[in-house]
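Colleague: Those protein sequence lines, which keep their order, are chains G and E.
Residue 1 is where the first sequence starts when you use UniProt numbering, and the numbers rise one by one after that.
Residue 1 is where the second sequence starts when you use UniProt numbering, and the numbers rise one by one after that.
Just so you know, the hints here were simulated from the structure itself, not pulled from any lab data.
Ideal placement from N, C-alpha and C gives every residue a C-beta, glycine not left out.
Be aware that one or more of the hints could be misleading.
Not close to chain G: a few residues of chain E, all C-beta gaps over 12 Å, as computed [claimed, not checked]:
(1) L26
(2) P65
(3) F83
(4) V139
(5) E203
(6) I271
(7) K322
(8) T338
(9) Q444
(10) K456
(11) K483
(12) V484
Derived CB-CB ranges, DEER-like [stated by the list, open to error]:
(13) E/Q389 / G/N129: 42 to 50 Å
(14) G/K127 / E/A514: 58 to 66 Å
(15) E/S407 / G/E45: 53 to 61 Å
(16) G/P102 / E/K427: 25 to 33 Å
(17) G/T120 / E/D517: 39 to 47 Å
(18) E/Q14 / G/P4: 52 to 60 Å
(19) G/G32 / E/G441: 45 to 53 Å
(20) E/E506 / G/N129: 58 to 66 Å
(21) E/K103 / G/P4: 54 to 62 Å
(22) E/V44 / G/E45: 45 to 53 Å
(23) G/N129 / E/S407: 36 to 44 Å
These are the residues of each chain, in order.
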Amino acid sequence: MDRPIRVLVGKPGLDGHDRGAKVIARALRDAGMEVIYTGLRLTPEQIVQAAIQEDVDVVALSVLSGAHNHLLPKVVELLKAENAYDEILVIGGGVIPEEDIPFLKEKGIQEIFTPGTPTTVTIDFIKENLKRV
Amino acid sequence: MFEKEKLQELKKNQTDWNDNKVEKSLQRFPERKDEFVTGSNQEVDRLYTPTYLEEFDYDQDLGFPGEYPFTRGVQPTMYRGKFWTMRQYAGFATAEESNKRYKYLLEQGQTGLSVAFDLPTQIGYDSDHALSEGEVGKVGVAIDSLKDMEILFDGIPLDKVSTSMTINAPASVLLAMYIAVAEKQGVSSQELRGTIQNDILKEYIARGTYIFPTEPSMRLITDIFEYCSEEVPGWNTISISGYHIREAGSTAVQEVAFTLADGIAYVEAAIKAGLDVDKFAPRLSFFFNAHNDLLEEVAKYRAARRLWAKIMKERFGAKNPKSMQLKFHTQTGGSTLTAQQPDNNIVRVAIQTLAAVLGGTQSLHTNSKDEALALPTEKSVRVALRTQQIVAHESGVAETVDPLAGSYYVESLTNNIEKEAMEYIKKIDDLGGAAEAIDKGFMQKEIMDSAYEYQKQIENGERIVVGMNKFQVKEEPNEGLLKVDPAVGEMQKEKINQLKAERNNEQVEASLSALKDAAKGNKNLMPYILDAVKAYATLGEICGVLREVFGEYQQNVIL
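With the sequences and hints as input, model every part of the structure.
Modeller: This is the structure:
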């Protein structure tokens, strides 16, 4: 691999719970990835813009407010509109009920990590599923 | 407390015991690990004896309940008089739905209400704002105008219940709506009892629902202190919150330290605004978390009470004992709940309930077992409420005041937490106070370091969370979780359209423009906000005017 994996960790929507996002961001960084953490209250548009600008390989989104079914597919949709989805892996995490996961995967979020997932599982998933060659 | 000679003898005996008995025992039965620590990584020794409390002075360190320094509790008889207020935080979807849940909870024996608002309401956006999409009614009830508030409290007599509202940046608007609803019920604001959270500093640190920059936010808060001291004297004007700081990953010590540092900042701001400390300080209240390390948590509440009493007396020269009393609400720890084997959470909540009660809380919310998965169902909320009722009526811990006082371990922990929290407060003072320290990202970074450390301990197995990193089973699918109807957003939009067509729009305009002028000057804003609310200006319109004048807070992103 010629360069480290670049990940954007984002908090879409109005949700302020950022402990999980920050823990993941630090764990990915400790695993040798380059992490851009966006902070709170970003619109899907802002996230997609940042992802393209920063030329990331992964967009990792954390939602604990229950708005995941609206916000996560929106990010994928916008990435597709920018022709960036083919190169960027999109994953999500947070308080997301089991029954919503098939819907989110169908919408193009490759994996959803729910509470209690070790950070190593997420790290391995990213390494194994990168779209960039 | 202990005689010098006796202590010397005891020290010697303890050394003997250690050298002979313990060493021998360790050879045959080694201890489970080399180092024992509390839930927040404070070191725990094998055995606590009076030698840990050499300087202990009953009068100075503990005193009697209801007397300075209030270590043993703020009331003389505590739960022998009446139990703590059982107050379940609730609210979702529309005002109509939430009103039903409140009536159910009151029927089940709950003694106070606690309102959860959705994120758009907490951030001052109406349900029809672009940023509200997908969020309306999700984590709480959607309130766009006085109309919604009238429905929320329909049939609930506001002179009989006390109501706590988890609202911060737009606290003055929601308080004004509450006062207006009471007025329509024929209840004077003088009779109202309740609490608004109104704690913006911890929003910057840990919770995230800020709107305005620090300075105008502090002004809105002190305006409320001033207004309520005359008009709503039974209202707790702020709930200075460690809860979210702890949820964000802090230790117990950091929870106490950062909360009291925020408290100091509010007291300083109010004094600077010209208010008399003994006039507003009795209405300050606090809000803490309850995690699983039972004895550490009990010590935490006792240490916080003692430390605050000293701060108010010594630093701020308060004279009224009520100004020195740290009264607090507790919520059990959301972040301690597991999505795995959710039934186990009932047990965790029971331990946390014991901690809060043994620590002398004034009111308590117990989390429901399904909250790591979704909002709680009616059935799981009932179990959570029953947990409090069992501790109150069956466990016996409420029959005497501060039953753990005098435990060598608990007193020693109490001393340690107070000492370490004080060190943090000194550091924050050196940085220029809480607001400055937040701007510099000091608390945020300290909390994040603790959170990451905790996560690593779980992943390397140093810390066991039952059902999550040990004793796992194949999980059954969770059924019957509460789902908020996605149509709520549309319903609220419809309500706003109707409101705007029906209300007197000239009156709305006039009240908003008066508010804008007042915001540019330095008059107390509460009467202007009340006028706008009564004219049925929406929350988004009112906050929009204030956004124009005050601007918005820019988060300092700290990783």
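Colleague: Check each numbered hint against the structure and report the violated ones by number, ascending.
Modeller: 4, 5, 8, 9, 10, 11, 12, 16, 17, 19 and 23
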